[in-house]
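**Q** Chains as they are written, first to last, in this note's numbering: chain A, 1 to 235; chain B, 1 to 561.
Among the clues, some could well be false.
Derived pair list, reagent style DSSO-like, types lysine-lysine, alpha-carbon separation capped at 30 Å [claimed, not checked]:
1) A:Lys99 with B:Lys256
2) B:Lys500 with A:Lys224
3) A:Lys95 with A:Lys150
4) B:Lys537 with A:Lys13
5) B:Lys316 with A:Lys13
6) A:Lys150 with A:Lys103
7) B:Lys256 with A:Lys150
8) A:Lys119 with A:Lys159
9) B:Lys256 with A:Lys24
10) B:Lys256 with A:Lys20
11) B:Lys130 with B:Lys554
12) B:Lys130 with A:Lys24
13) A:Lys95 with B:Lys500
14) A:Lys20 with B:Lys548
15) A:Lys119 with A:Lys150
16) A:Lys171 with A:Lys119
Taking beta-carbon pairs under 7 Å as the criterion, some of the chain B residues facing chain A (in silico) [what the hints assert, rightly or not]:
17) Tyr142
18) Pro276
19) Val323
To spell it out: a stretch of chain B is covered by chain A in this simulated footprint if at least three of its residues, at any positions, have a beta carbon under 8 Å from a beta carbon of chain A; those stretches are [to be verified]:
20) 120 to 127
21) 258 to 266
22) 445 to 456
Derived by calculation from the structure, the hints in this document are not laboratory data. Beta carbons: idealized from backbone N, C-alpha and C, even for Gly.
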Amino acid sequence: MTNHEQYEVNFFKPLSEHAKANTKLITRLAIIWAVAVFGFHFLLIYVSTPTPEQAFNDFNAVYPQVVEEESAPLEANQQFARTMLMVLGKNIAVKDDHKAVLKESLSWIVYKMNADSIKPMFLTAPSDESVLQAATSIGLASDGFDKIMKDLLPTSLIKVENSTLSPQSQKALPEIMELYLVHNQSFLTDFNFLGFPFHYWYTAQFLLILFVLLCLIYAVTIDKMNTQHDFVEET
Amino acid sequence: MNKQSKIIYTLFLITFFSSNLFAQSATKLEGEFKLIPAIILIILLVTFVLVGVFNRAKDTKTYWAAGRKISPVGAGMAIASNWMSAASFLGMAAIMYGSGYHGLSYVVGWTGGYVLLLILMAGQIRRYGKYTAADFIGDRYYSQGLRGFGAGLAIFISFSYCVGQFAGIGLMFKWILGIDYTYAVLIGASVVLAYTLISGMLGVTKNMQIQYVVIIVSFLIPLFILTYKFGYFSWLPQVGYGEIISDIVNGIAPGKGITAMGHDFAILPSPEFAMPWDPATGQTAFQWLAICFSLMIGTAGLPHVIQRFYVVPRAKDARWSVVWGLFFICILYWSAPVYSAFGKILSSNPEVGALAKDAIVVYTAQLGDLYPLIIGFLAAGAVSAAFSTVSGLLIAGASAFSHDLYFNVINPKATEQKQMLMARMGTILMAAGVAIIALMELGLIAQLVAVAFSLAGCTIFPLFLLGIWWSGSNRTGAWSGLIAGSSVAVVTLVYFVTGKFGITLPYHDFMNYYLNAWYFAWLGAPLAIIANIIGSKLSKDKTPIEIKMFLAEKVHNYKIK
Numbered sequence: 001m002t003n004h005e006q007y008e009v010n011f012f013k014p015l016s017e018h019a020k021a022n023t024k025l026i027t028r029l030a031i032i033w034a035v036a037v038f039g040f041h042f043l044l045i046y047v048s049t050p051t052p053e054q055a056f057n058d059f060n061a062v063y064p065q066v067v068e069e070e071s072a073p074l075e076a077n078q079q080f081a082r083t084m085l086m087v088l089g090k091n092i093a094v095k096d097d098h099k100a101v102l103k104e105s106l107s108w109i110v111y112k113m114n115a116d117s118i119k120p121m122f123l124t125a126p127s128d129e130s131v132l133q134a135a136t137s138i139g140l141a142s143d144g145f146d147k148i149m150k151d152l153l154p155t156s157l158i159k160v161e162n163s164t165l166s167p168q169s170q171k172a173l174p175e176i177m178e179l180y181l182v183h184n185q186s187f188l189t190d191f192n193f194l195g196f197p198f199h200y201w202y203t204a205q206f207l208l209i210l211f212v213l214l215c216l217i218y219a220v221t222i223d224k225m226n227t228q229h230d231f232v233e234e235t
Numbered sequence: 001m002n003k004q005s006k007i008i009y010t011l012f013l014i015t016f017f018s019s020n021l022f023a024q025s026a027t028k029l030e031g032e033f034k035l036i037p038a039i040i041l042i043i044l045l046v047t048f049v050l051v052g053v054f055n056r057a058k059d060t061k062t063y064w065a066a067g068r069k070i071s072p073v074g075a076g077m078a079i080a081s082n083w084m085s086a087a088s089f090l091g092m093a094a095i096m097y098g099s100g101y102h103g104l105s106y107v108v109g110w111t112g113g114y115v116l117l118l119i120l121m122a123g124q125i126r127r128y129g130k131y132t133a134a135d136f137i138g139d140r141y142y143s144q145g146l147r148g149f150g151a152g153l154a155i156f157i158s159f160s161y162c163v164g165q166f167a168g169i170g171l172m173f174k175w176i177l178g179i180d181y182t183y184a185v186l187i188g189a190s191v192v193l194a195y196t197l198i199s200g201m202l203g204v205t206k207n208m209q210i211q212y213v214v215i216i217v218s219f220l221i222p223l224f225i226l227t228y229k230f231g232y233f234s235w236l237p238q239v240g241y242g243e244i245i246s247d248i249v250n251g252i253a254p255g256k257g258i259t260a261m262g263h264d265f266a267i268l269p270s271p272e273f274a275m276p277w278d279p280a281t282g283q284t285a286f287q288w289l290a291i292c293f294s295l296m297i298g299t300a301g302l303p304h305v306i307q308r309f310y311v312v313p314r315a316k317d318a319r320w321s322v323v324w325g326l327f328f329i330c331i332l333y334w335s336a337p338v339y340s341a342f343g344k345i346l347s348s349n350p351e352v353g354a355l356a357k358d359a360i361v362v363y364t365a366q367l368g369d370l371y372p373l374i375i376g377f378l379a380a381g382a383v384s385a386a387f388s389t390v391s392g393l394l395i396a397g398a399s400a401f402s403h404d405l406y407f408n409v410i411n412p413k414a415t416e417q418k419q420m421l422m423a424r425m426g427t428i429l430m431a432a433g434v435a436i437i438a439l440m441e442l443g444l445i446a447q448l449v450a451v452a453f454s455l456a457g458c459t460i461f462p463l464f465l466l467g468i469w470w471s472g473s474n475r476t477g478a479w480s481g482l483i484a485g486s487s488v489a490v491v492t493l494v495y496f497v498t499g500k501f502g503i504t505l506p507y508h509d510f511m512n513y514y515l516n517a518w519y520f521a522w523l524g525a526p527l528a529i530i531a532n533i534i535g536s537k538l539s540k541d542k543t544p545i546e547i548k549m550f551l552a553e554k555v556h557n558y559k560i561k
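Assemble the whole structure, with the sequences as input and the hints as a guide.
**A** Shown next, in the form of C-alpha cells:
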C-alpha cells in the first residue's frame with residue numbers, strides 16, 4: 001500500500017472500523033430522511049386524484065341550462081349564483097381577472113332572476129337596496145354559510161352591462177370553476193389526525209419532529225461509537 | 001442581579017408602562033404612526049446594543065472564539081437566532097397564506113437541511129478548524145483563486161440573503177411608521193446599518209441568545225391568545241390549529257367570534273388552502289419537491305450557517321449545538337402555519353382588502369383584535385429577527401471582502417487599520433446595494449431568501465460535501481464543479497432579471513418553470529457534484545498528500561499506523 005492510498009478518504013470505502021460504522025449510520029439516517037420526505041410526497045402524488053367540491057357538481061348540473069335557456073328554473077339560477085359566491089368567498093385564492101368573470105356572472109344571473117320592473121336597479125352600481133334584493137332573489141338565509149355569502153354580496157355585485165352573459169365569460173367560466181373547485185385529494189388527505197388532514201400533519205409537524213429525532217439519534221450514536229472505538233476527538 | 005439583568009428589567013418596566021400610557025386602537029391595519037411598536041422596537045435595539053457593550057470582545061480572536069465558552073444549548077440558541085430571520089418570522093406564514101400547502105415546502109426545506117448538515121458536515125467542519133467558508137475552500141483545494149472565488153460567492157450569497165431581510169424590515173417599518181414602502185426601506189436600511197456598525201464587534205453570541213428569546217416569545221404569545229379567543233385548543237396552539245386547518249377545508253359558519261373589523265370569524269369551504277399542489281395556487285408537485293430539495297442542500301451550504309460550527313469548543317459540541325439549534329428553530333416552524341391559517345380566515349372577507357402577504361403575521365394579530373402591546377411586541381420581534389440575521393450577514397460579507405478577498409488575495413501587506421476601513425466600507429456598500437434591490441420588490445421575502453439557498457446549494461455545498469468526504473476531489477474538480485454550478489445560477493438569474501424587466505428570452509416559460517430563481521439548485525447542485533467528480537478523475541492534478549493526511553487523521557480520525 002502506498003502512502004497516498006493509506007490516506008485516501010472516501011465515504012464509500014471507509015478505512016477503519018469506526019469509519020465503517022459511521023458510514024453505515026449516515027447511510028441509514030439519510031435513507032430514512034429521504035424516504036420520509038420525498039418518498040411520502042411521491043406517494044402523495046401517486047395516490048392523489050382530482051376531487052371536486054360539491055359546488056363544482058352543483059355548477060355543472062345547472063351551467064349549460066342557465067346560460068342557454070332564458071326560462072331556466074329559479075332553483076337552477078339560484079344554484080348558479082350560489083356557486084359563484086362559493087368561489088368568490090375564496091377571496092385571496094382567486095385571481096383578479098377570474099374574480100371579474102365571477103362577479104359579472106353573479107350580477108348577470110341576479111339581474112336575470114328578477115322581474116323587469118326590478119331589473120333597472122342592477123344597471124347601476126350596487127346599492128343597499130340592490131344588495132338586499134339580490135340576497136332575496138338568491139334565497140340566502142341569515143345564518144350558516146348563507147350569511148357569509150350574503151356578506152359577500154356588497155363587494156361581489158357589479159353594474160350589469162348586458163342582458164346576456166358575455167361570450168368571453170361564458171367560455172372562461174367552466175375552466176375557472178374547475179380551477180378553484182377541484183382539488184388533489186386521496187385517503188392521505190381525507191384521513192383526519194389530531195384534527196389535521198393527515199398529509200398536512202405529516203408534513204407540517206411529523207417531518208419536523210422526525211428531523212429533530214434523526215439529529216438526536218445521530219448525536220447520541222456517534223458519541224457512543226466514539227467511546228466504543230476509543231476515539232478521542234481532537235483539539 | 002447582575003448589570004445585564006438590571007438593564008433588561010428596567011427596559012421591560014419602561015416598555016410596559018409606556019405602552020399602557022399610550023394604549024391605542026389596533027383596528028386600523030396600517031397608514032398611521034404606531035407609537036407602541038415604535039417604543040418597543042427602540043427599547044429592544046438599545047437593549048441589544050447595551051448587552052453587546054457589556055459583552056464586548058477585546059480583539060478579533062476573542063470575537064471569533066466568543067462562542068467557544070458557551071454550552072451546546074446556548075450555541076443552539078445562537079444557531080436558531082442566527083437562522084431565524086424575516087423569512088422565518090414573516091415569510092413562511094406569507095407563502096402559506098398565499099399558496100397553502102405549497103408553503104410547507106419552505107418549512108420542510110429549511111429544517112430538513114439541518115439533518116444533512118449534521119450527519120455530513122458539522123463535526124468534520126469543526127475539526128477542519130477554519131474560520132470562514134472561503135478559508136476552507138482555499139485550504140482544502142490549495143488554491144488562492146478558489147479562495148477568492150469562495151469569498152466572492154460568500155459575499156454574493158450574503159447579499160442576496162439580505163435582500164429578503166431588507167424587504168421584511170421595510171414592511172415592518174412601513175407598518176410601524178405608517179409611511180411609504182420606499183422610505184420605509186431606506187430608513188430601515190439606515191437603522192440596520194447603524195446598528196451593525198455600532199454592534200459589529202460586540203458580544204454577538206450573548207445577544208443571539210437574548211434575541212432568540214425575544215423572537216420566539218413575541219411569535220408565540222399571539223397564538224395562545226388567538227386559539228383561546230376563537231375556541232380552539234389553546235394549551236398547545238401548534239397542535240390546536242389542526243382543527244383550524246380542517247375547518248378551513250370544510251368551512252366555518254358564523255358564530256365563533258368577530259374580527260377587529262367587525263366581520264364574522266367564518267369562511268366558506270376552502271380546500272385549496274390545505275390540499276397538495278392545488279391548481280388554484282398555480283404551483284405543482286415538481287415545484288414543491290424542487291424548492292424543498294434546493295432549500296435543504298442550500299442550508300448545508302450557507303456560509304453564515306457553516307461558520308457557526310467553527311466557534312464551538314469541540315466537534316461533539318458542534319453536533320449537539322445542531323440538535324438543540326434545530327429543536328429551537330422547529331418551535332417557530334411548528335408555529336408559523338398557525339398564523340397563515342388564522343390569517344386566511346380573518347382576512348376572508350373581501351372588505352379587508354388586499355393585504356401585503358409578507359406582513360400577514362402582524363395583520364393576523366391585528367385582525368384578531370389583540371392588545372396593541374402584544375401586536376407591537378410581535379412587530380418588534382419581526383424586526384429583531386431580521387436585524388439579528390442582517391447584522392451577522394453584513395459582518396460576514398464585509399469580513400469576506402476585507403479578510404478573504406482584500407487581505408488574502410489582493411493586498412496581503414494591508415495594515416490592520418486598512419483592513420478595518422475596507423470592512424466598514426464593504427458593510428456600507430453592501431447595505432446600500434441590498435436596499436436598492438429590495439426596493440425593486442422582486443418577490444416575496446421567502447422567495448428572495450430562497451435565491452441565496454439555491455446559490456449556496458449549487459456552489460458551496462458540493463465543495464464542502466466532496467471536500468470532506470472524498471480526498472480525490474482536487475483543484476481541477478473544484479473549479480469544474482464551481483463553473484457548472486455557477487453557470488446554472490447565472491443562466492437562471494439572467495432569465496429571472498430580464499423577465500422582471502419585461503424582456504422575454506428564448507424558452508422563457510420553460511426556463512422559468514424548470515430553472516426558477518427560487519429553486520434552481522435542484523439541477524445545479526447535482527450537476528456541480530458530477531462536474532467536480534469528472535474534473536477530478538480526468539485531471540492529472542492530485543490532492544497533495546499533506547491535505548489527504550490532514551483529512552484522514554484530523555478530520556476523519558483515521559488511525560494510520
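**Q** Flag every earlier hint the structure violates by its number, smallest first.
**A** Hints 2, 9, 10, 17, 22 are the ones this structure does not satisfy, whereas the remaining hints hold.
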